[in-house]
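Going down the list, the sequences are from chains Y and X. According to the numbering used here, the first sequence is numbered sequentially starting from 1. According to the numbering used here, the second sequence is numbered sequentially starting from 1.
Hints were generated in silico from the structure; no laboratory data involved. C-beta atoms are modelled at their ideal positions from N, C-alpha and C, and glycine is treated no differently. A hint or two may mislead.
With a straight-line Cα cutoff of 25 Å, these simulated SDA-like cross-link-like pairs (lysine to any residue) come out [unchecked claim]:
| # | chain 1 | residue 1 | chain 2 | residue 2 |
| --- | --- | --- | --- | --- |
| 1 | Y | 217 | X | 79 |
| 2 | Y | 559 | Y | 572 |
| 3 | Y | 594 | X | 126 |
| 4 | Y | 134 | X | 85 |
| 5 | Y | 594 | X | 166 |
| 6 | Y | 561 | Y | 535 |
| 7 | Y | 173 | Y | 53 |
| 8 | Y | 132 | X | 115 |
| 9 | Y | 253 | Y | 559 |
If you want a taste of the chain X side facing chain Y, the calculated C-beta under 10 Å gives, among others [to be verified]:
| # | residue |
| --- | --- |
| 10 | 66 |
| 11 | 73 |
| 12 | 78 |
| 13 | 80 |
| 14 | 85 |
| 15 | 86 |
| 16 | 95 |
| 17 | 97 |
| 18 | 104 |
| 19 | 107 |
| 20 | 113 |
| 21 | 114 |
| 22 | 116 |
Derived DEER-like restraints, expressed as beta-carbon distance ranges [unchecked claim]:
| # | chain 1 | residue 1 | chain 2 | residue 2 | range |
| --- | --- | --- | --- | --- | --- |
| 23 | Y | 491 | X | 116 | 24 to 30 Å |
| 24 | X | 157 | Y | 27 | 34 to 40 Å |
| 25 | Y | 143 | X | 167 | 50 to 56 Å |
| 26 | X | 156 | Y | 87 | 45 to 51 Å |
| 27 | Y | 298 | X | 63 | 19 to 25 Å |
| 28 | X | 106 | Y | 531 | 51 to 57 Å |
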Amino acid sequence: MNQDYSSRYILLGTFFTVLAALILGQHVSLLLDPQRGEILEEVRASHLGSVWTIHPPRGLIFDRKGQLLAGNEMVYEVGVDYRAIDDANDAHTIALTSNVYFGLDYYKVKVTVENPPHPQQVYLPLAKGIEKEKVDHLQNFLEITDADSRVERTEKARLAAHLRGLILQPYMKRVYPEPLLASNVLGFVGYNQQALPLGYFGVEARYNEMLAGTPVKLWVPNDPRMVQDFPPIPEGASLILTIDRELQAAVEKILEENIHKTKSETGVIIVLDPKTGEVWAMASYPRLDISRYWDYEALSEKGQFVFNRAISAMYEPGSVFKVLTMASAFDKGVVTEDTTYLDKGAIEVGGLVIYNWDRAGHGKQTMQGCMQLSLNVCLAWVATQLGAADFYTYLQAFGIGHTTGIDLDGERAGILKLPEDQLWSESEIGTNSFGQGVSATPIQMAAAISALANDGKIMRPHIVRGIIKDGEQFMITPSVSSIPISAKTAHTLTEMLARSLEAEASEALVDGYRVAGKTGTGEIAIPGAGYISGETNASFAGWGPVDDPRFVVYIWLEKPKTSIWGSEVAAPIFPKVVEQITLIMNIPPDRYRKATR
Amino acid sequence: MTLARSLKKGKGDWSMNSLRRLAQAYSTTPWRKQISTGMLILVILLGVILGASLYLDVTARTLALGRAIIMMENEITEVEMINAHLRTQLGILKSSAMMEKRAIEMGFRRIEPEEEVYLIVPGYVPLDQTLISSSSKKAQSVSYSLPPIYTQSLLEWLKSKLDAWADLERGSSP
Numbered sequence: 001m002n003q004d005y006s007s008r009y010i011l012l013g014t015f016f017t018v019l020a021a022l023i024l025g026q027h028v029s030l031l032l033d034p035q036r037g038e039i040l041e042e043v044r045a046s047h048l049g050s051v052w053t054i055h056p057p058r059g060l061i062f063d064r065k066g067q068l069l070a071g072n073e074m075v076y077e078v079g080v081d082y083r084a085i086d087d088a089n090d091a092h093t094i095a096l097t098s099n100v101y102f103g104l105d106y107y108k109v110k111v112t113v114e115n116p117p118h119p120q121q122v123y124l125p126l127a128k129g130i131e132k133e134k135v136d137h138l139q140n141f142l143e144i145t146d147a148d149s150r151v152e153r154t155e156k157a158r159l160a161a162h163l164r165g166l167i168l169q170p171y172m173k174r175v176y177p178e179p180l181l182a183s184n185v186l187g188f189v190g191y192n193q194q195a196l197p198l199g200y201f202g203v204e205a206r207y208n209e210m211l212a213g214t215p216v217k218l219w220v221p222n223d224p225r226m227v228q229d230f231p232p233i234p235e236g237a238s239l240i241l242t243i244d245r246e247l248q249a250a251v252e253k254i255l256e257e258n259i260h261k262t263k264s265e266t267g268v269i270i271v272l273d274p275k276t277g278e279v280w281a282m283a284s285y286p287r288l289d290i291s292r293y294w295d296y297e298a299l300s301e302k303g304q305f306v307f308n309r310a311i312s313a314m315y316e317p318g319s320v321f322k323v324l325t326m327a328s329a330f331d332k333g334v335v336t337e338d339t340t341y342l343d344k345g346a347i348e349v350g351g352l353v354i355y356n357w358d359r360a361g362h363g364k365q366t367m368q369g370c371m372q373l374s375l376n377v378c379l380a381w382v383a384t385q386l387g388a389a390d391f392y393t394y395l396q397a398f399g400i401g402h403t404t405g406i407d408l409d410g411e412r413a414g415i416l417k418l419p420e421d422q423l424w425s426e427s428e429i430g431t432n433s434f435g436q437g438v439s440a441t442p443i444q445m446a447a448a449i450s451a452l453a454n455d456g457k458i459m460r461p462h463i464v465r466g467i468i469k470d471g472e473q474f475m476i477t478p479s480v481s482s483i484p485i486s487a488k489t490a491h492t493l494t495e496m497l498a499r500s501l502e503a504e505a506s507e508a509l510v511d512g513y514r515v516a517g518k519t520g521t522g523e524i525a526i527p528g529a530g531y532i533s534g535e536t537n538a539s540f541a542g543w544g545p546v547d548d549p550r551f552v553v554y555i556w557l558e559k560p561k562t563s564i565w566g567s568e569v570a571a572p573i574f575p576k577v578v579e580q581i582t583l584i585m586n587i588p589p590d591r592y593r594k595a596t597r
Numbered sequence: 001m002t003l004a005r006s007l008k009k010g011k012g013d014w015s016m017n018s019l020r021r022l023a024q025a026y027s028t029t030p031w032r033k034q035i036s037t038g039m040l041i042l043v044i045l046l047g048v049i050l051g052a053s054l055y056l057d058v059t060a061r062t063l064a065l066g067r068a069i070i071m072m073e074n075e076i077t078e079v080e081m082i083n084a085h086l087r088t089q090l091g092i093l094k095s096s097a098m099m100e101k102r103a104i105e106m107g108f109r110r111i112e113p114e115e116e117v118y119l120i121v122p123g124y125v126p127l128d129q130t131l132i133s134s135s136s137k138k139a140q141s142v143s144y145s146l147p148p149i150y151t152q153s154l155l156e157w158l159k160s161k162l163d164a165w166a167d168l169e170r171g172s173s174p
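Work out the full structure, taking the sequences as your base and the hints as a guide.
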């Protein structure tokens, strides 16, 4: 080998030896420290591409006739890309544009743009939920058109260059065309700790996963040669509710008017179809404007705000409960329509003396008379004839003491003490017979009463009527929840209660339609002091038409001031609601229906 | 012998001689091998340049297509968002309150129960309003990925063609 070249060969050899040693050393170090290997692998992967998590658009919510109740709106997140900020002019232009077009604070934006929170920070959101129209306005302004003069074009180009750091990122936001309508049923979409949309209350919470769809993770390569077509990302399922928008609006209006008229604190009206368990309308007062869902926290802190009183508020229903007691006794056969009771105005049950609402005795009464005059004493006697075991078995079959299973988030079970419970005493059978000492939610009461309007069967109350998934529509099949009484008992009691309303010329009667119903006035107990508040829960449960019941209406007003009696404040609401039901749900008056048979 | 005769006689001989002299000169030239090698290298270089140009052209087109696809994906997403937005705007315009307001403006009013007139039409079946979804299923993309021709390099494309050709030669079905 030539001496002149030997030093070069040695140098080259040394270089490759050192290189091999370095590679080997790195390899050994990665073997010894796998965590570092993972980090390096992440860095490598980040150079190759990135993983995008794509959240499909949230499913829509329609009413039973296909009217939109909840949809999605395109809004923008406005942010700043610090990599594109070159000088103070950029910050000034971005701050000024954000102020003029999006209403953001000029100085706040300018300071944020000029001073990134961290030196390595590349992006920071400035505002979310900016309306599409505002962004369109800005984009139209910056767009260079043929009509622009040379000066205008230059100016626009200059502005656009300064606004390179202003990032407008579109995303979908939940929106409700009528944010007060059925808000207690719909719930709302807020954001969880990971800033991801999440349903709260109502169907938004109950069907959150279905509505939200399945997020898809996609690996998007940086190398455009490796780009892949995005797979179709299935949208979240859409829901068709049993609610009728027109009826819901009408019922909400009636409730609100009567809340003010009777000076009640809160109220509920439920309209359901007894044959299917479909809830046609569910009004709850007060209600939340779900376009401002963040007010919920303040409202719930201020007082006892319950998002949906129809399913979450428990109360002692009072005399409407007598319908269940009498139905149980009829079904068991311990009393019949012809059974008479001598009402002396008081009865002792389990050591507790029970009086009538007027503290008077009404003499010999048939069962219809007991119901018509709403005699506590008579009903307490009926319950004792039935016996505790059968009485509570029937109440449980009516669904008292457990949830109805309605597909809404936040349903409560109410409280029903049973003979095997330690807190139960024998006197409970007397008080429970007329709806005191037992608490239930309005939906429980409406579902229980629906047994009388549906041949003794309780259909599971539900809000979702159908589901649309990938363009295919599936309808929910109604299911029987329980059969507490026979069809004969249901018909007998319905007829008896229709006669009761007619006999007393109740304000609950409806022109053109024969209806059955029962009022209720439940005293409100003060913990530790008993029923001395002088405040009541006024209720009315009604259904019709008697020959072929199509609707059940349950009305509850809490603490009415103009009158404490259900017959005076709750019963007059019933015909107003029925008028709307028959108009909107196409239920012809009895004479037309009978003519078509 | 005059010069003119000599030229006339030897016209063909002159060109042959010239060539012979040129070949002799070239064969005796000391750098003839270098020229030969140089020319060979130039030819190879030209081939490489041609191949590289073709490769770059195909790659550039692939890149441009890739970019176009990304842009189109973004456009599709935005159009879908705009559609959802418009659908909601339509829902707002058709909301209960808005419709009532418009109806009142047009001179309509709510019907009173005593004004209802029911007409019995034998055989009439009310319109089923339960069908909300369109029966046509949303068009699904048949292929979830691009054909390989849009993503493979020239060499990969050549290899695939050669493989296909080899398969045909072996008698396998294409």
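Here's how the hints hold up against the structure:
1. Restraint check: the Cα-Cα separation between residue 217 of chain Y and residue 79 of chain X comes to about 21 Å, which is no more than 25 Å; the hinted pair holds.
2. Proximity of residue 559 of chain Y to residue 572 of chain Y is assessed by CA-CA distance (about 16 Å); at most 25 Å being required, the pair is judged to hold.
3. Note on residue 594 of chain Y and residue 126 of chain X: the hinted pairing holds, with a Cα-Cα distance of about 18 Å set against a maximum of 25 Å.
4. Using a Cα cut-off of 25 Å, the hinted pair residue 134 of chain Y and residue 85 of chain X holds, with the two alpha carbons roughly 14 Å apart.
5. Restraint check for residue 594 of chain Y and residue 166 of chain X: not satisfied, since their Cα atoms lie roughly 85 Å apart, outside the 25 Å limit.
6. Proximity of residue 561 of chain Y to residue 535 of chain Y is assessed by CA-CA distance (about 8 Å); at most 25 Å being required, the pair is judged to hold.
7. Distance hint between residue 173 of chain Y and residue 53 of chain Y is fulfilled; the C-alpha atoms sit about 17 Å from each other, no more than 25 Å.
8. Distance restraint check for residue 132 of chain Y and residue 115 of chain X: the Cα-Cα separation of roughly 45 Å exceeds the 25 Å cut-off, and the hinted pair is therefore not satisfied.
9. At roughly 19 Å between alpha-carbon atoms, residue 253 of chain Y and residue 559 of chain Y fall within 25 Å of each other, so this suggested pair holds.
10. For residue 66 of chain X, the suggested interface contact is upheld, since its CB lies about 3 Å from the closest CB of chain Y, less than 10 Å.
11. Interface hint at residue 73 of chain X: satisfied, since its Cβ lies 5 Å from the closest Cβ of chain Y, which is below the 10 Å cut-off.
12. Given the 10 Å rule on beta carbons, the hint for residue 78 of chain X holds: about 6 Å separates it from the nearest Cβ of chain Y.
13. Taking 10 Å as the C-beta cut-off, the interface hint given for residue 80 of chain X holds, the closest approach to chain Y being about 7 Å.
14. Hint on residue 85 of chain X holds. Least Cβ distance to chain Y is approximately 4 Å, under the 10 Å limit.
15. A cut of 10 Å between beta carbons decides the hint on residue 86 of chain X: the least distance to chain Y is about 9 Å, and the hint holds.
16. Checking residue 95 of chain X against chain Y: minimum C-beta separation of about 4 Å stays under 10 Å; hint holds.
17. For residue 97 of chain X, the shortest C-beta to C-beta distance to chain Y is roughly 6 Å, which falls under 10 Å, so the interface hint holds.
18. The restraint placing residue 104 of chain X at the interface with chain Y is violated, with a minimum CB-CB distance near 14 Å, outside the 10 Å limit.
19. Violation of the interface hint for residue 107 of chain X is found here, the shortest Cβ-Cβ separation to chain Y being roughly 20 Å, above the 10 Å cut-off.
20. Against a cut-off of 10 Å between C-beta atoms, the interface hint on residue 113 of chain X holds, since the closest Cβ of chain Y lies about 5 Å away.
21. Of the supplied interface hints, the one on residue 114 of chain X holds, with its beta-carbon coming within about 8 Å of a beta-carbon of chain Y, less than 10 Å.
22. A hinted interface residue such as residue 116 of chain X counts as satisfied when its beta carbon comes closer than 10 Å to some beta carbon of chain Y; here the least separation is about 7 Å, so the hint holds.
23. For residue 491 of chain Y paired with residue 116 of chain X, a C-beta distance near 28 Å keeps the hint of 24 to 30 Å intact.
24. One distance hint, 34 to 40 Å for the beta-carbon pair residue 157 of chain X and residue 27 of chain Y, holds here, with the actual separation near 35 Å.
25. About 54 Å separates the C-beta atoms of residue 143 of chain Y and residue 167 of chain X, a value consistent with the hinted range of 50 to 56 Å.
26. A hinted range of 45 to 51 Å for the beta carbons of residue 156 of chain X and residue 87 of chain Y is consistent with their spacing of about 46 Å.
27. At about 54 Å, the CB distance of residue 298 of chain Y to residue 63 of chain X disagrees with the hint of 19 to 25 Å.
28. Our hint of 51 to 57 Å for residue 106 of chain X and residue 531 of chain Y holds, since their Cβ atoms are close to 54 Å apart.
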